[in-house]
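Line order of the protein sequences matches chains A and B. Heads up, the first sequence is in our numbering, so the first residue is 1 and it goes up one at a time. Heads up, the second sequence is in our numbering, so the first residue is 1 and it goes up one at a time.
Don't read these hints as lab results, they were simulated from the structure. Bear in mind that the values here come from a model prediction, so they are computed numbers and not experimental data. Some hints could be false.
Claimed, not checked - Computed list of lysine to aspartate or glutamate pairs in EDC-like fashion (alpha-carbon distance at most 20 Å, straight line):
{"#": "1", "chain 1": "B", "residue 1": "K45", "chain 2": "A", "residue 2": "E312"}
{"#": "2", "chain 1": "B", "residue 1": "K62", "chain 2": "A", "residue 2": "D255"}
{"#": "3", "chain 1": "B", "residue 1": "K45", "chain 2": "A", "residue 2": "E344"}
{"#": "4", "chain 1": "A", "residue 1": "K7", "chain 2": "A", "residue 2": "E222"}
{"#": "5", "chain 1": "A", "residue 1": "K145", "chain 2": "A", "residue 2": "D89"}
{"#": "6", "chain 1": "B", "residue 1": "K45", "chain 2": "B", "residue 2": "E93"}
{"#": "7", "chain 1": "B", "residue 1": "K62", "chain 2": "A", "residue 2": "D154"}
{"#": "8", "chain 1": "B", "residue 1": "K62", "chain 2": "A", "residue 2": "D156"}
{"#": "9", "chain 1": "B", "residue 1": "K45", "chain 2": "A", "residue 2": "E222"}
{"#": "10", "chain 1": "B", "residue 1": "K62", "chain 2": "B", "residue 2": "E93"}
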Amino acid sequence: MTAVTDKPVWRVIDTGVRRAAENIALNRALLEARQQGLAPCTLRFLAFEPSALLGFHQSAAQELNLDWCATQGVAIQRRITGGGAIYMDPDQMGWEIYADRDAVGSAQMEHIARRICEAAAGALRTLGVAAAYRPRNDIEVDGRKISGTGGAFDGDALMYQGTLLLRFDVERMLRVLNVPADKLADKALASARERVTSLEQLLGRLPQREHIQQALTRALAEAFGVEFHPGGLTDDEQRLYAQALQEIDHPDWVDLIHHPADERPTLEASRRFQGGTLRVRIAWDAQQRRIRQIWFSGDIFISPRRALIDLESVLRDTLGDRVEQQVLGFFADRNVDMLSLRPEDIVQLLHEAMDVQA
Amino acid sequence: MMDCNGCEFRPELYYDDQYQIWVRREEDGSLTLGMTDISQTIAGKILHVRVRRPGTERLVGKPVATIESGKWAGPVPNVFDCVIEEANTSVLEDPNLLNIEPYEAWIARVRPLEGVDAALGVLVTGDAARVGYCERTQREDIHCERGAR
């Protein structure tokens, strides 16, 4: 192969729709191959048969509706990346970067995530949606998430992956994930729709897969100053894949971490204010005394409306005793109109919910 | 004194050649290991730590522990064959300790399979380690920051 430019050449590969175990085993194999210098830096596109994917340190009993997954034939798997549980099916496109810290221009995880997410958001903008990076790990359009991301590292090698919602079946997602909401109530559906969107919903049509892949490839090539050439798996990767599949396509891998569901209670509180009612639900880590996820709802007046959803994003993974500082810091940085409701009222509401646990 | 971009170095400890982990020799023939100031800085705020069960044998390349920070997950690398003896329960309960005091917040105590001297033989220590440690911070422009309570 003759290179026509001086730019480093990275590989682009599309592994098609696969079982979750195969996709995760490929994650492990390609990352190991990169770490051992046996494969080039790579952009991989992938898709999943219907699957519920746990974050690496999560427990299936806490995160998923296991009975429903079993009756619907939704596979359960554990990712090698961090973050929360997600539902994947062929209506979502996966994209992944395999590289070294050197090649992405930073040693620090947070910087690497930002750089990759900003490039991916840029790609979505060329498709006609106003996508932006929302720290730490989301790509959003007008406050609604369209792509979630997460990473894995092994020494100097890293893999960063994202999902892109092409279509979005909110009811199916709520049924798979153990979200503390009255799952099938209209309110829960509406509240999920307020937080998540899809390419089809935004554009009124679904661009061709190849077109989306080209946009992502171009944006990432530009961001990292590289050129992508199509390629396949190397022999070493095939060997590592076979080894990884043995471990990952096994109940022991899925059950690697098990915590009983009652160690993650849902805390709730609600209050009437002058401008309406504000309600909060918290998925609480009782061991670490930390918010894992948080949802606000109610008819309180707040403008812009997305401020509450942005606050949810900021409060994720916050220790109970840091909540006040986070909430006050959030409002100090923004211009939010809440009528007579004060940031301190929100702090008080959160403390009320968490005090049940004290 | 060499500038390590604000990253703390402790000459009495032993390190892998990338300065990802530190190792301390204990009187009973075991080794204690943890993450360096460089590693905790690179990782950012650590949310989860998992250590393999005591009694588990871990060969080179098979991690003793895994960490997660801001949706990144990965191994605390293992550079000698060992058996895990104990995990630091304070760190398991409050992983943020790794960001606050990386050299006090040890992760695991292990027993090297080939003996302590063989294990320490693959590590670096003292002034030579200080040079390599500082070089890495400068080469990769790593500026250490500690977590807060």
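Right, here's what the structure says about each hint:
With a CA separation close to 18 Å, the supplied pair K45/B and E312/A stays within the 20 Å bound. Note on K62/B and D255/A: the hinted pairing holds, with a Cα-Cα distance of about 19 Å set against a maximum of 20 Å. Simply put, K45/B and E344/A have alpha-carbon atoms about 26 Å apart, too far for the 20 Å limit, and the pair is violated. Our distance criterion of 20 Å between C-alpha atoms is met by K7/A and E222/A, whose separation comes to about 11 Å.
With a C-alpha separation of about 17 Å, the suggested pair K145/A and D89/A falls inside the 20 Å cut-off, and the hint holds. A distance of roughly 14 Å separates the Cα atoms of K45/B and E93/B; the hinted pair therefore holds under the 20 Å criterion. The suggested pairing of K62/B with D154/A holds, with an alpha-carbon distance near 11 Å, which does not exceed 20 Å. This hinted pair checks out: K62/B and D156/A have alpha carbons roughly 16 Å apart, not beyond 20 Å.
Between K45/B and E222/A the alpha-carbon distance is near 30 Å, which puts this suggested pair outside the 20 Å criterion. Taking the CA atoms of K62/B and E93/B, the gap is near 23 Å; set against the 20 Å cutoff, the hint is violated.
Against the hints set out earlier in the document, violations occur for numbers 3, 9 and 10.
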